[in-house]
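There are 2 protein chains.
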Amino acid sequence: MQRSELIQLIGQRQSFLCVGLDTDLAKIPAHLKNESDAVFLFNKAIIDATIDYCVAYKPNLAFYESMGIKGLIQLKKTMDYLHSLDKSVFTIADAKRGDIGNTSQQYAKAFLDQEGDFGFDSMTIAPYMGEDSVTPFTSFPNKWTILLALTSNKGAYDFQYIENKEDGARLFESVLRKSQQWGNPDNMMYVVGATKADMLDSVRAIVPDSFLLVPGVGAQGGSLEEVCRHGLNRDCGLLVNSSRGIIYASNGTDFAQRAAEEAQKLQVTMAKFLSECTNIKH
Amino acid sequence: MQRSELIQLIGQRQSFLCVGLDTDLAKIPAHLKNESDAVFLFNKAIIDATIDYCVAYKPNLAFYESMGIKGLIQLKKTMDYLHSLDKSVFTIADAKRGDIGNTSQQYAKAFLDQEGDFGFDSMTIAPYMGEDSVTPFTSFPNKWTILLALTSNKGAYDFQYIENKEDGARLFESVLRKSQQWGNPDNMMYVVGATKADMLDSVRAIVPDSFLLVPGVGAQGGSLEEVCRHGLNRDCGLLVNSSRGIIYASNGTDFAQRAAEEAQKLQVTMAKFLSECTNIKH
Chain Z
0 MQRSELIQLI
10 GQRQSFLCVG
20 LDTDLAKIPA
30 HLKNESDAVF
40 LFNKAIIDAT
50 IDYCVAYKPN
60 LAFYESMGIK
70 GLIQLKKTMD
80 YLHSLDKSVF
90 TIADAKRGDI
100 GNTSQQYAKA
110 FLDQEGDFGF
120 DSMTIAPYMG
130 EDSVTPFTSF
140 PNKWTILLAL
150 TSNKGAYDFQ
160 YIENKEDGAR
170 LFESVLRKSQ
180 QWGNPDNMMY
190 VVGATKADML
200 DSVRAIVPDS
210 FLLVPGVGAQ
220 GGSLEEVCRH
230 GLNRDCGLLV
240 NSSRGIIYAS
250 NGTDFAQRAA
260 EEAQKLQVTM
270 AKFLSECTNI
280 KH
Chain G
0 MQRSELIQLI
10 GQRQSFLCVG
20 LDTDLAKIPA
30 HLKNESDAVF
40 LFNKAIIDAT
50 IDYCVAYKPN
60 LAFYESMGIK
70 GLIQLKKTMD
80 YLHSLDKSVF
90 TIADAKRGDI
100 GNTSQQYAKA
110 FLDQEGDFGF
120 DSMTIAPYMG
130 EDSVTPFTSF
140 PNKWTILLAL
150 TSNKGAYDFQ
160 YIENKEDGAR
170 LFESVLRKSQ
180 QWGNPDNMMY
190 VVGATKADML
200 DSVRAIVPDS
210 FLLVPGVGAQ
220 GGSLEEVCRH
230 GLNRDCGLLV
240 NSSRGIIYAS
250 NGTDFAQRAA
260 EEAQKLQVTM
270 AKFLSECTNI
280 KH
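Protein chains in written order, with numbering that gives the first Met the number 0: chain Z, 0 to 281; chain G, 0 to 281.
Note that these hints are calculated values from the structure, not bench results.
Incorrect hints may appear among the rest.
[As the list claims (entries may be wrong)] A short, non-exhaustive set of chain G residues, derived as facing chain Z with CB atoms under 7 angstroms:
1) N59
2) F62
3) E64
4) S65
5) D98
6) Y127
7) G154
8) A155
9) K177
10) A255
[Stated by the list, open to error] Covered stretches of chain Z (chain G as the covering partner; in silico rule of three or more C-beta atoms under 8 angstroms from a C-beta of chain G):
11) 130-137
12) 150-164
13) 168-177
[Stated by the list, open to error] Using 20 angstroms as the maximum straight-line C-alpha spacing, the simulated PhoX-like pairs for lysine-lysine come out as follows:
14) G:K75 / G:K142
15) Z:K164 / G:K177
16) Z:K69 / G:K108
17) G:K142 / Z:K69
18) Z:K69 / Z:K32
19) Z:K32 / Z:K76
20) G:K26 / Z:K108
21) G:K164 / Z:K164
22) G:K75 / Z:K75
23) G:K108 / Z:K26
24) Z:K86 / Z:K76
25) G:K86 / G:K43
26) G:K108 / G:K142
27) G:K164 / Z:K177
28) Z:K69 / G:K69
29) Z:K153 / Z:K195
30) Z:K153 / G:K177
31) Z:K26 / Z:K69
32) G:K76 / Z:K69
33) G:K76 / G:K108
34) Z:K177 / G:K43
35) Z:K164 / Z:K153
36) G:K69 / Z:K76
37) G:K69 / Z:K108
38) Z:K75 / G:K69
39) Z:K86 / Z:K177
40) G:K164 / G:K177
Everything numeric in this text was worked out from a predicted model, so none of it was measured.
Note that CB positions come from ideal geometry on N, CA and C, so glycine has one too.
Only chain Z is shown next, with the shape it has when bound in the complex (with noise of 0.2 angstroms):
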């Protein structure tokens, strides 16, 4: 997906919300847990429930991987959902990889090939290994690179604000710095935790026309308004997920009305802010 189209579908659902699949066969209803597709099962649903409140889903891959081959096979099933379907959507692989050159390509293969199991249009990538680890993703026609910037963990003051000793800047500036030379606002998007909303005024000031995805919203505390009046652009420029607070809203059999509930919640917020911060009508 282009970044007009990406523009173009917010504006028509009047929201910038990213879904997270982030399914836990532990968390997910009785009634489908014993089902063989219990997570493709559960996926559907939520999706169906869902995609006329949001613009993007993103399947967090180690909840898949946990469960082994089979969660893989869920999730080839959910992405061929999402394909068939006519409604458009954003998709992103939260896989966080990185690896040398040789080794990202096979990684850029594995989640964004068309031709693959998979096809999504976008996977996150970790910055610690520098540029031949990252523009493998770039350089992926049509595809899309998301980097982990600022991350909304308590671990990410660990290194994430370790200042350079030549220039002041903390480490995810160095890396939204340097990563402009690997990619443009048409194919990177950077990861930007909500947890601190104050902290995208300094994002901005180095990526103004950047899409970022932003998670932590909800269950990890963050606020949706502050994240929309610190990080909007005039092109929206914000891919806001939620995951847990939208896909276990209940346990019961109403879990898919209720998912669809609280998504239609932050995206009645997210129109307000669309109208009110950005370039982007209706």
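Following the hints, position chain G against chain Z.
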């Protein structure tokens, strides 16, 4: 595998060689390519030919994931085969994972759980997200975390050498220091690239007792002798990986025999250094 068992194995085999199973369908011999289990059959032949000269096998996940679910089935068959052998080996999932705490737990389960599809002894982890992204691996009973410190690729210079304004430590040194609080030499190793063998002195100054996994010998240009001189400690403390130099030594029908010869050459050098520089005897 416990640290003492690994050291004992190194003594028995007179080797600290790790063979990287970065098996690429495009590069395996023509006579195997059309087999339905081509990757597994290739791996099995490499394992049978090299196991007497090495102590560890390290499949890089990217090469299996790039083949989709079929590739992971080949990896599972390879791991099942390794587990079925009478001969002991240490296994490393070169996965470079790392995510927020509850997600890293899922990754640990995916690769380390004996009840799961793979049951590796260890896995490689990226440090960017800090403590809670790493401790789910170090707290996994009887398993090892192998944290990226200094990698062997060109991109390592982008961030890993950034000096901390506060104490002058380079980022990889901060990773080595800080991570001492998350694990110990009995459950944590570090990746240190062989292309910078003199940097092993800086690494050993911080982690004198830890095992180091050293990739980059051979195809990536690192010298085994240099790595031994700068990296060995009295318990050996090194696992030196070679991938392409062994598994693709020939792409004819003699590939396994040629792999054995390349592995043995490294083993002979390693035996010499073990007797000269460590307390490990035959």
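Task: Proposed proximity, Z:K76 with Z:K32 (alpha carbon, max 20 angstroms) - done: Holds: Z:K32 and Z:K76 sit about 17 angstroms apart, inside 20 angstroms.
- [ ] Measure nothing beyond the straight line between the CA atoms of Z:K86 and Z:K76; if it is 20 angstroms or shorter, mark the hint as holding.
- [x] holds, 17 angstroms
Open item on the list: With the threshold set at 20 angstroms, check whether the alpha-carbon distance from Z:K86 to Z:K177 stays at or below it.
Closed with: Between Z:K86 and Z:K177 the Cα gap is close to 36 angstroms, so the pair fails against 20 angstroms, i.e. violated.
Task: Evaluation of the interface hint that places G:S65 against chain Z, nearest CB under 7 angstroms - done: holds, 4 angstroms
TODO: Mind checking the alpha carbons of G:K76 and G:K108 for me, to see if they're no more than 20 angstroms apart?
DONE: The hint holds at about 18 angstroms.
Open item on the list: Between the alpha carbons of G:K164 and G:K177, is the straight-line distance 20 angstroms or under?
Closed with: Given that 20 angstroms is the threshold and the Cα spacing comes to 16 angstroms, the pair holds.
TODO: Verify the proposed pairing of Z:K164 with G:K177, using a straight-line Cα cut of 20 angstroms.
DONE: At roughly 18 angstroms apart (the allowed maximum being 20 angstroms), G:K177 and Z:K164 satisfy the hint.
Open item on the list: For G:K75 and Z:K75, compute the direct alpha-carbon distance and say whether it is at most 20 angstroms.
Closed with: holds, 18 angstroms
Open item on the list: Interface hint check: G:F62, Cβ to nearest Cβ on chain Z, cutoff 7 angstroms. Holds or violated?
Closed with: holds, 5 angstroms
- [ ] Compare the distance between the alpha carbons of Z:K153 and G:K177 with 20 angstroms, and conclude whether the hinted pair is satisfied.
- [x] holds, 14 angstroms
Open item on the list: Between the alpha carbons of Z:K69 and G:K69, is the straight-line distance 20 angstroms or under?
Closed with: holds, 12 angstroms
Task: Given hint G:K43 paired with Z:K177 - CA-CA distance at most 20 angstroms - done: Given that 20 angstroms is the threshold and the Cα spacing comes to 42 angstroms, the pair is violated.
Taken one by one, the earlier hints fail for this structure at numbers 10, 17, 34, 35, 39, listed in ascending order.
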